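J.: The lines below spell out each chain.
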Amino acid sequence: MSTTPLLLTRADLDRMIEILSERGYHVVGPTVRKQEHIISYGEISSTDDLPIGIGDEQEAARYRLVERGDGRLFGYVLTDTSPISFLLPSEAVVWSGKKSDNGFETAEMAAPPRLAFIGTRPCELAAVAIQDKVFLGNGHQDPTYAQRRAGTFFVSVDCTEPGGTCFCDSMGTGPGADGGFDIGLIEVLEGDDHYFVARSGSDEGAAVLSEVGGTPADDGRVAKAAAMVEAAAGEMGRTLDTEGLKEILAGSLDDPIWKELAGKCLTCANCTMVCPTCFCAAVENRTNLDATEAERVRRWDSCFNFEFSYIHGGPLRPSAAARYRQWMTHKLSSWVDQFGMLGCVGCGRCITWCPVGIDITANAAAIRARMEEKAHV
Amino acid sequence: MAERLPKLAVHKFASCDGCQLTLLDCEDELLAVAGAIQIANFAEASREIIEGPYDLTLVEGSVSTPHDLERIKEIREESKVLIAIGACATAGGIQALRNARDVEEFTRYVYATPDYIDTLAESTPISDHVKVDLELRGCPISKAQLLETVVAFLNGRNPILPTYSVCMECKRRGNPCVMIAQGVPCLGPVTQAGCGAICPAYNRGCYGCFGPMESPNTTALGDQWMEMGVDSRTVSDAFHFFNNYADAFRKAGDMYADR
Ligand code: SF4
Ligand code: SF4
Ligand code: SF4
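Protein chains in written order, with our numbering: chain D, 1 to 377; chain X, 1 to 259.
Keep in mind that the hints were calculated from the coordinates and are not lab data.
Possibly wrong hints are sitting among the right ones.
Unchecked claim - Partner residues are not named here, just some residues of chain D that face chain X (Cβ under 7 Å, in silico):
no.	residue
1	Tyr-63
2	Phe-135
3	Gly-191
4	Pro-355
From a predicted model like this one, the values you see are computed outputs, not experimental measurements.
Yeah, the Cβ is synthetic: ideal placement off N, Cα and C, and Gly gets one too.
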């Protein structure tokens with residue numbers, strides 16, 4: 001792993017994309033889906049496919065593409081979905097089989113493609129670390145995740161222009177990446193000077209970088225890039241005070257405030273669908289018409305759905321308040337008991353993509369205020 | 001197979017035929033369906049009618065005439081499992097818009113000889129009149145849900161028919177939200193899944209064809225639409241559409257009409 005940073009140009013990035021595909025990766029990066037007015041992860045074959053000069057504005061329940069009027073390749077904030085939706089696909093066949101003369105035969109599962117992500121944000125790397133803990137830690141390996149994860153290569157790009165719903169600085173997951181990447185980049189565009197400061201974070205990353213080439217980065221440019229990332233920490237659209245939050249939330253479960261906070265909640269599940277740390281899935285068994293073929297499919301599920309907590313007689317969490325409370329206290333409180341870390345990386349997706357703009361940071365602050373007020377009376 | 005094939009009947013009440021046609025639209029699967037089930041009484045598919053009782057009966061359309069009232073009871077009696085299909089059969093359909101109006105006045109305007117018209121004041125779902133074993137929502141129903149239901153029936157298991165929001169299917173499909181990215185009002189958050197989120201996939205808002213989802217917060221969504229610049233009349237009309245007589249949508253539509 002190289003510690004001396006390299007300076008790369010856009011042409012070097014094109015070379016990197018080529019090298020990665022020569023090495024058998026499907027290269028995935030941010031692309032503009034014009035008709036849908038969105039920057040989303042999709043397969044790319046060169047830097048031409050990146051959102052050149054296109055940015056995004058994000059606020060609660062609002063996302064808009066904007067022309068930046070410059071040539072930045074990674075001048076947007078965050079895609080709608082994260083790399084997690086590739087590692088934990090919305091639908092994955094986990095078993096399939098056919099009836100045979102003496103019982104049934106299990107079908108061979110095709111190996112998933114190996115993916116190289118270009119432009120992964122630091123909060124997304126942090127989410128991958130969380131999912132690693134969930135699906136690979138604790139002595140059990142989930143094959144669906146493990147198979148996909150094993151072949152993944154991350155080229156991260158640190159954030160220099162955080163968005164309106166970002167709060168990674170509060171969660172300690174950004175705006176710069178400390179690790180978790182194979183190659184870590186910082187993009188700088190100053191006048192005509194457009195460059196990427198690159199470091200490797202793994203052996204394979206180092207190997208790819210040395211094939212790419214580039215030039216050793218001068219101290220001035222390295223310092224400039226680092227300063228931009230550092231400044232970004234002060235430009236977060238949102239903040240979340242995590243001090244003692246686990247305990248505060250754990251003590252708030254019976255408070256009527258949950259009913260107020262969830263009054264607008266549609267129980268639509270969008271927040272859980274876009275959250276990179278949400279991992280819940282339902283397992284469905286399907287058969288063909290004459291039951292000679294069967295498959296077991298794992299599909300995204302959500303704690304906002306009735307069926308999710310359905311036991312004999314009905315759902316455990318019938319009210320919107322109970323479901324919203326489950327979601328938020330899991331992220332910011334019980335996750336710590338379960339996995340020894342917080343379950344939120346501060347990406348802000350749940351705020352941007354909630355159709356009614358419910359804001360986890362505002363609600364955490366409201367609960368904190370309520371519980372502090374209670375403690376003082 | 002020496003066993004007797006299960007007998008299927010398909011009936012129509014006040015409706016447009018679109019839902020029954022979904023069965024005929026299962027082109028690739030139809031041969032397999034026909035091999036596993038005996039189509040015993042389906043006017044749309046065959047003139048031959050084999051007498052009941054039937055193992056599985058699909059009922060399309062709403063009850064809207066005195067004659068319908070008699071007929072649905074007879075159909076129930078000769079059916080082991082009765083499934084209501086589509087927005088008309090499960091919620092009274094678009095024609096239920098008349099329920100809050102004066103039907104006699106309508107008939108006077110529309111028909112030269114209104115005396116010939118023998119209709120009920122209300123268009124109502126099948127479940128208002130007889131026991132319904134299962135409801136397939138939609139205007140029209142989803143082919144995938146219909147096949148899933150038939151397969152489940154043939155194999156003696158419960159069909160997988162989620163009652164959560166269209167948003168679930170929208171996100172699984174990878175659509176970015178049209179409300180948020182394009183400012184297009186969408187009924188997805190209060191509408192039951194089943195269609196596969198077709199409209200948002202084509203940059204349109206959901207029209208609510210599958211009726212209210214399991215816990216619809218119609219006011220939160222209606223208010224959000226208004227914040228996006230939609231007037232209350234349009235919000236009301238959106239709820240008073242194919243599923244206007246479904247409880248949650250009827251109430252929401254009434255409420256925004258009065259604002
Ligand atoms: S809870 Fe919200 S901000 Fe936190 S990781 Fe999930 S989507 Fe991002
Ligand atoms: S918080 Fe927002 S996105 Fe999440 S279920 Fe409620 S309304 Fe939907
Ligand atoms: S487009 Fe409609 S269905 Fe899709 S997520 Fe948005 S509100 Fe839900």
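J.: Would you settle whether the hint for Pro-355 of chain D is holds or violated, based on the nearest Cβ-Cβ distance to chain X being less than 7 Å?
T.: holds, 5 Å
J.: Tell me if the interface restraint on Tyr-63 of chain D is satisfied: Cβ within less than 7 Å of some Cβ in chain X.
T.: At about 5 Å, which falls below the 7 Å cut-off, the nearest Cβ of chain X leaves the hint on Tyr-63 of chain D intact, so it holds.
J.: Holds or violated: Phe-135 of chain D as interface residue toward chain X, Cβ cutoff 7 Å?
T.: This interface hint is violated because 19 Å lies over the 7 Å limit.
J.: Using the nearest Cβ pair, does Gly-191 of chain D come within less than 7 Å of chain X?
T.: violated, 32 Å
The structure fails to meet hints 2, 3 from the earlier list, while all remaining hints are met.
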